[in-house]
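Enquirer: Letter by letter, the chains look like this.
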Amino acid sequence: MRGIRSCYLIIASLLLTLSQPATYGETQTDGYVSRKEYDELKQQMLALKKEVETLKKEKGQSTSPPAVASTAPAADFDKQPAAPIEEQKSSGLGTTKFLITGDGETTFEAQNHNTSTFTAAFNPVFLWEINPRLLFEAEVSFELSKDGTDVGLEYAQLSYLLNDYITLGAGEFLTPSNVWMERFHPSWINKLPDHPLAVHDGILPEKSVGAQIRGAFPIGPTKLNLALYVSNGPKLITDDPGAAGMLRFENSVDNNDNKAVGGRIGFMPFSEFEVGYGFEVAKPGDQGTPFANVHSVLQSVDVNFTHDSDLLRGVIDLHAQYAWTRVGHAVYDPDGSLGFGPLSFSNKRDGGYAQIAYRPTKVDFELARKFEFVFRWDHLNQAPQAPGALDEERWTVGVDYWLGPSTALKAAYEWDQPHGQPNTNALLLQAVTGF
Amino acid sequence: MLRNIRRQFGVAWALAALGTMVGSAVADPPPERAKSSRAEPDPEAQKSGEELWSANCRLCHNIRPANAYSDAQWDVIMHHMRVRAFLTGQEQRAIADFLKSSN
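Quick mapping for you: the protein sequence lines, in order, are chains A and B.
Heads up: the first sequence begins at 789 in our numbering, then just goes up one per residue.
Heads up: the second sequence begins at 807 in our numbering, then just goes up one per residue.
Extracted from the complex, chain A is given alone in its bound form (with noise of 0.2 Å):
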């Protein structure tokens, strides 16, 4: 009915059209058509007539029997563009689907009894879903050192979703037993320049190879989230006069047939807290010699909690982390062939940090909003057998100013004391992005 409507109109607005030349044509002579303009006039009209006839059988031809038709299709039209997606989903094409993230960061060192120094790293992450379910992703560091540059393999990891809470992964990972390590390592989280001891380049390991298991479980109002992951573990130092008892944890290729068993549990009773106890349990001895069946126990306890506070007027965020390890006894150059034995002992280590820092993102001082100020202590003790080894407490002061919500620029003062050794107090500076 509106189609019919609309040609109506149309004919009435052709018709309007075509008599205004004549009527204007009139009014320039004496305001009537002659005989011969009316009959070209309605020569003119029955052709358009005809002609809207002759449209609307053709309009009517197309739509009306393939009614369905012309609906099927803008059915199937809305199928068709979501099959290639699909497609292109599954099949990982296009780049819809992948991601660079990562960080970057310059440091400034001026520390007590060394020489000051700049330093710089860059750390691509690498993202790649291939489906909803599964994901790759890998990080890849380059930090400059005293030989050109370093570039190193942090992870590299295929996880899989196995339902809304379980997740499987294997591959190098970040060993979930060292919290620090998993969350608040990257220098764009992490809100001083350096590290904390213990955590990081200490007694706890920072990645593994191997395969895990994750996963998180609503209970209620809190939240149960617990990772167990296989590995090869750490190796065990036994001929480096420094380090003997140790555990070097860049173990990429296992020196034995036992494999490292970890994990952690973290429980979480409110969103903003969460308190976590990581493990893992190994054999780190090569293979065939007396040190093969040494075991290491390594544990870890946490407690993260972050508050955006009316009371406080901005936010308040607490982490802190400590651990211990056990390297079982054994006897270090037997025979005094390495010139530091027989060293006979028990490596038990511990350490940790607890970090607060505060953001008045709520007072009115709005370039206040942007300034961090964060204080940490971190502790390593040694046992005191081990050769090398010197127990370590900092106090350390900094200052964030952020740029973005992952772009700092950071300050800090650090009090070192490493026992027995003179201080190496340190200025640490240090511009962050992440992206």
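Check each hint, because a few of them may be wrong.
[Said to hold, decoys possible] Have a look at the derived ranges for each label pair, beta carbon to beta carbon:
1. A:1040 / B:878: 27 to 37 Å
2. B:908 / A:1010: 23 to 33 Å
3. B:895 / A:958: 18 to 28 Å
4. B:903 / A:1213: 47 to 57 Å
5. B:903 / A:939: 31 to 41 Å
6. B:909 / A:1053: 30 to 40 Å
7. A:1132 / B:878: 57 to 67 Å
8. B:876 / A:1149: 21 to 31 Å
Hints are computed from structural coordinates only; laboratory data are not their basis.
Remember, it's a predicted structure, so these values are computed and weren't measured experimentally.
Note that CB positions come from ideal geometry on N, CA and C, so glycine has one too.
Based on the hints, put chain B in the right spot on chain A.
Expert: Just chain B, lined up with the frame of chain A:
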């Protein structure tokens, strides 16, 4: 002796700081806690994407705004964060939907 005193002071400081934090949380309860006190079968499922985004992301790092990434990029990032930060599938979807709707 001095080291032991320092260490004890450090532990005491950490405990005091923790007490202060928990105290401030009790004095200023987050909306998540207020909601969770309601009699609901699965309070986690009731949390909005915005609440989950705010609480879960901030536990480790500053919150990035929704317009920091495109929708497609958020899909990848949320997949990555689901694995890394122990998010459930429901939490991942809720946060991703919120970020994309705010984009």
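Enquirer: Each hint should be assessed against the structure and marked as holding or not.
Expert: Hints, one by one, checked against the model:
For the pair residue 1040 (chain A) and residue 878 (chain B), the supplied restraint of 27 to 37 Å holds, since their beta-carbon distance comes to about 34 Å. One distance hint, 23 to 33 Å for the beta-carbon pair residue 908 (chain B) and residue 1010 (chain A), holds here, with the actual separation near 28 Å. Taken as a hint, the range 18 to 28 Å holds for the pair residue 895 (chain B) and residue 958 (chain A), whose Cβ atoms sit roughly 20 Å apart. About 49 Å separates the C-beta atoms of residue 903 (chain B) and residue 1213 (chain A), a value consistent with the hinted range of 47 to 57 Å.
Distance hint check for residue 903 (chain B) and residue 939 (chain A): the Cβ-Cβ separation is about 38 Å, which falls inside the suggested range of 31 to 41 Å. Here the CB-CB span from residue 909 (chain B) to residue 1053 (chain A) is close to 35 Å, well matched to the stated 30 to 40 Å. The hinted window of 57 to 67 Å between residue 1132 (chain A) and residue 878 (chain B) holds, with their beta carbons roughly 60 Å apart. Residue 876 (chain B) and residue 1149 (chain A) have their C-beta atoms about 27 Å apart, which keeps the hinted 21 to 31 Å range intact.
In summary, this structure violates none of the numbered hints.
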